[in-house]
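J.: Chain by chain, the residues run as shown.
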Amino acid sequence: MRRDIFHAIADPTRRAILTLLAAKAMTPNALAEHFSSTRQAVSKHIQMLAECEVVKQELIGREIYYHINSKKMKEADKWLGPFRALWENRYDNLDELLNDLKKKKS
Amino acid sequence: MTNLTAAKNETRITRDLVGKKLTVIREFRAPVALVWKSWTESALLDKWWAPRPWRAETKTLDFREGGMWLYAMIGPDGTTAWCRVDFKTIVPGKSFTAENGFCDEDGNINSSFPRMRWFVEFKPTATGSEVDVLIGFDDEADMQKIIDMGFETGFTMGLGNLDELLAQQG
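Chains as they are written, first to last, in this note's numbering: chain A, 1 to 106; chain B, 1 to 170.
To be clear, the hints were calculated from the coordinates, so they are not data collected in a lab. All residues carry an ideal CB built from backbone N, CA and C; glycine is no exception. Keep in mind that a hint or two might mislead.
Unchecked claim - With a straight-line cut-off of 16 angstroms between C-alpha atoms, the simulated EDC-like cross-links for lysine to aspartate or glutamate are:
| id | chain 1 | residue 1 | chain 2 | residue 2 |
| --- | --- | --- | --- | --- |
| 1 | B | Lys20 | A | Asp11 |
| 2 | B | Lys47 | A | Glu96 |
| 3 | A | Lys72 | A | Glu53 |
| 4 | B | Lys47 | A | Asp100 |
As the list claims (entries may be wrong) - Distance ranges between label pairs, derived from CB positions:
| id | chain 1 | residue 1 | chain 2 | residue 2 | range |
| --- | --- | --- | --- | --- | --- |
| 5 | B | Ser112 | A | Thr27 | 45 to 55 angstroms |
| 6 | A | Ser43 | B | Ala43 | 52 to 62 angstroms |
| 7 | A | Arg62 | B | Asp132 | 41 to 51 angstroms |
| 8 | A | Asp100 | B | Gly107 | 26 to 36 angstroms |
| 9 | B | Ala126 | A | Gly61 | 49 to 59 angstroms |
| 10 | B | Ala43 | A | Ser36 | 45 to 55 angstroms |
| 11 | B | Thr80 | A | Glu53 | 33 to 43 angstroms |
| 12 | B | Ala126 | A | Asp100 | 20 to 30 angstroms |
| 13 | B | Ser112 | A | His67 | 38 to 48 angstroms |
| 14 | A | Lys103 | B | Asp139 | 20 to 30 angstroms |
Chain A extracted, bound-state conformation (with noise of 0.2 angstroms):
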């Protein structure tokens, strides 16, 4: 199985860690604390993100902290980038039309 940018962010567990992570850097046992789910599996999610390089380890004194990887994040945001600009840029036309249309009513 491939593991990816977009498998780490497919499960709505793995993406509220990431927006904890996004805060700031913080331990298994706090993210756990975060969740309704056991430690083992919030454990497992960590992982998987972990395999997909979206977040790093860092062992501080005798604790291993988690904290995201930006780099590997923005992979996600090149793909979305063209999408969301097609997007934007068809519904700044649509602003202008529909101001048009309004104008023309009254």
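Fit chain B to the supplied structure of chain A, relying on the hints for placement.
T.: Quick look at chain B alone, frame taken from chain A:
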């Protein structure tokens, strides 16, 4: 992460690989009736559907259940990409579902490109309306193909434009 909000004009895009769908949400300062009209009449669609500097040109539009919209995306250098949209269900003024694919000028589907399913919903808001577009794929491979293609834009806009657009976005 998956909810990437554009600072400029609030086009919200989310993606769900498990559900094999992409969602595009946008608000407009115009009533639903007007936005609905813009989405369903060819003379109006041709004015906004193509991202600049491309333009859209409708060959035929039959907006009813079982009907089809056949149109071309035409680039500044004359490059033409034909697309067809098959309307499945329509709830007037509220929503419609459709299938979307690339084709030739007679509407014959080009099966080497993934087909997409649309669910387009129109909702009134305090300031006008909101349009939610859900784009679904048959399977992960199709979604992946679109990812590899750089989606529609890679196909319709040419790679030169993409770099420019990406640069603009920082």
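J.: Confirm or reject each hint.
T.: So, going through the hints one by one against the coordinates:
1. B:Lys20 / A:Asp11: holds, 12 angstroms
2. B:Lys47 / A:Glu96: Holds - the C-alpha atoms of glutamate 96 (chain A) and lysine 47 (chain B) are around 9 angstroms apart, at most 16 angstroms.
3. A:Lys72 / A:Glu53: Roughly 7 angstroms between the alpha carbons, so the hint for lysine 72 (chain A) and glutamate 53 (chain A) holds.
4. B:Lys47 / A:Asp100: This hinted pair holds, its Cα atoms lying about 11 angstroms apart.
5. B:Ser112 / A:Thr27: 45 to 55 angstroms: holds, 48 angstroms
6. A:Ser43 / B:Ala43: 52 to 62 angstroms: holds, 57 angstroms
7. A:Arg62 / B:Asp132: 41 to 51 angstroms: holds, 48 angstroms
8. A:Asp100 / B:Gly107: 26 to 36 angstroms: holds, 30 angstroms
9. B:Ala126 / A:Gly61: 49 to 59 angstroms: Holds, at about 51 angstroms.
10. B:Ala43 / A:Ser36: 45 to 55 angstroms: Holds: the Cβ-Cβ distance is about 53 angstroms, inside 45 to 55 angstroms.
11. B:Thr80 / A:Glu53: 33 to 43 angstroms: Once the Cβ atoms are compared, 40 angstroms apart, the range 33 to 43 angstroms for glutamate 53 (chain A) and threonine 80 (chain B) holds.
12. B:Ala126 / A:Asp100: 20 to 30 angstroms: 23 angstroms Cβ-Cβ, so the 20 to 30 angstroms window holds.
13. B:Ser112 / A:His67: 38 to 48 angstroms: Since the Cβ atoms of serine 112 (chain B) and histidine 67 (chain A) sit about 42 angstroms apart, the hinted range of 38 to 48 angstroms holds.
14. A:Lys103 / B:Asp139: 20 to 30 angstroms: violated, 45 angstroms
Checked against the numbered hints listed earlier, the structure breaks hint 14 alone; every other hint is satisfied.
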